[in-house]
Amino acid sequence: MILIKNAKPFDVLLDGGKIKKTGKITEKADQVIDAKGLVVVPGLIDMHVHFREPGREDKETIASGSAAAVAGGFTSVAVMANSGRVCDDAVGVVYVNVKSKEAGGANVFAVGAVTKGLKGEELAELGKMSDAGAVAFSDDGMAITNAELMRRALEYSKMFGKPILAHCEDTSLTKGFVMNEGKVSAKLGLRGYPNAAEAAMAARDCYLAALTGGHVHICHLSAKETVDVVRQAKKQGIHVTAEAAPHHLMLTDESLAAYESKYKMNPPLRTREDVDAVL
Amino acid sequence: MALDALLQRCRAWKHRHLLGTKDLSPNDISLVLDVADELGALKDAAPLKGKRLFNFFVEPSTRTKTSFSLAARRLGADVVDFSPASSSLTKGESLKDTARTIESMGVAFTAIRHSASGAPAFLSRLVESSVVNAGDGTNEHPTQALLDLFTMRQRLGKITGLRVALVGDITHSRVARSNLWALQKLKNRVTLVGPSTLVPKDLDAPVSHDFDRALRENDVVMMLRLQLERMQAGLFPSTSEYVRFFGLTRERLATLRNGTIIMHPGPMNRGLEISGEAADSNRSVILNQVANGVAVRAAVLLLLSQVNG
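Taken in sequence, the protein lines are chains A and B. Take the first sequence: its position 234, counted from the start at 1, is 234 in the numbering used here, and no numbers get skipped. Take the second sequence: its position 163, counted from the start at 1, is 442 in the numbering used here, and no numbers get skipped.
Quick caveat, the hints were computed from the structure, so don't treat them as lab data. Among the hints, a few may not be true.
To be verified - Here are the simulated EDC-like pairs of lysine to aspartate or glutamate, each with C-alpha atoms no more than 16 Å apart in a straight line:
1) A/Lys183 / B/Asp483
2) A/Lys187 / B/Asp483
3) B/Lys375 / A/Glu260
4) A/Lys187 / B/Asp302
5) B/Lys328 / B/Asp357
6) B/Lys437 / B/Asp357
7) A/Lys183 / B/Asp357
8) A/Lys187 / B/Asp481
9) B/Lys437 / B/Asp498
10) A/Lys187 / A/Glu254
11) B/Lys437 / B/Asp302
12) A/Lys175 / B/Glu508
To be verified - Just a sample of chain B residues kept apart from chain A, beta carbon distances all over 12 Å, derived:
13) Arg331
14) Asp481
15) Asn587
To be verified - Computed list of chain B residues with no C-beta within reach of chain A, every gap over 10 Å:
16) Gln287
17) Cys289
18) Lys301
19) Pro326
20) Ser366
21) Asn418
22) Glu419
23) Leu482
24) Asp498
25) Gln506
26) Gly555
Even for Gly, the Cβ is constructed at its ideal location relative to N, Cα and C.
Let the sequences and hints guide you as you build the complete structure.
This is the structure:
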């Protein structure tokens, strides 16, 4: 038996890897872990990770990714489809499930691609992937620029009760960008990605969800205008959900002032106003 | 002034690298210009003898590269030239490894020209030598701004309280940014003039689209190079329309205020942003700018050598 003591909000007693009891615990245990200053939370879920296997094991494997998840307190993750071999068919979904079981770390759920090869041209076999265990569909990393295709994806995925996770970026407005477009990018002489490129695409996807009755989930929103779009869509009863990444809750584009490329990401870090809106 | 006295003055300089005019104080700027002035009197001194300048030009350049070479040689330093096409950059060697490889052979200064904004800032965190930004992407070109200020001081007698129009493609101009930061620090009134698609509204400077008015209201009119790629990118419809609104034509030359000077950092597109008549007129100080570049860059190298000796 293992006892975790002094944590907030309560102590936890573990027996054979399972929680036996919580609360103020006085029982004896074989091992006592002092968790003073720490917080006990349920297993966290990260619904948006990239593990790159199969195909780019040199970057990350399902085993190393799921071990990292567990180390950070995440017991379940959903892995995006843009691995070296794109997860755009049932074989890809089964591969993720098998490798994840072998790894024995976090539960790894597969997100299938919306379009074959993430090319944004033809629908992938969403039904077969759904049957094989895919939890959602996304071309994440690539925006689905063709509105007709997005419409059909939302319509079709509705049949299986699974959402389309949308990476909202009007790429005609973001060519060559390295950061947020605004005062800081003007000063640094760097190509910017305006808020409008995210918000406009999110608005399109919300209207397509309204048209089709499908479920659109807006990935990693970063702009205050996108927050407004989602809020308005929810008011209208559109089936839309959204997520934000931790860095978009804390950091701003001022972090790039000394050209530190570790702050470069997509979508980019925005301004304080955006951070406040996303929070 | 004797060399010793000049070196004594150089001690006020505290920067190990020159990455941009953003980082300079008004005193720093005056110091560079004063040292550049005084170097003229030092004909035979070689204070940088035994030191090497690495001319790390990853982007093409005529005047800046030549100017840095002459500046270094004038102070007795050696120059290591770099040509990207025949270098190991073509084999995939990184910018960092290339700079450190050359540096390990003994280099005191690295003058870098690169198409990516921030490349000199990146390099300055990795190398031992003093990094001089010789133009990075659309960020800064500090030695150009310093030689522009030197030229303004020479021709107009001051570098404060002037009215300066920067004209053309401000968005993509590193020369505009370096001049803007330096001129604003020295309390000059800078107006950005150009089509709304090529002038950022976020630069904390007044913007005007009325070039004719700018010609009547400024002491300095600095024309910037217009790149034709911008037309292909849809930022302006045609060269002829551009000239109609923002070209310094022969007709406009005639409307210039008395005493106003015309500047251009080069390379010029004659007949586009500037007419041949304007470029070659007695208002133009374009060749003075080039000539002054050598003294100003020599001053920068001398100042940096006192910090990173």
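What hint numbers does the structure not satisfy? 6, 7, 11, 14, 18, 21, 22 and 23
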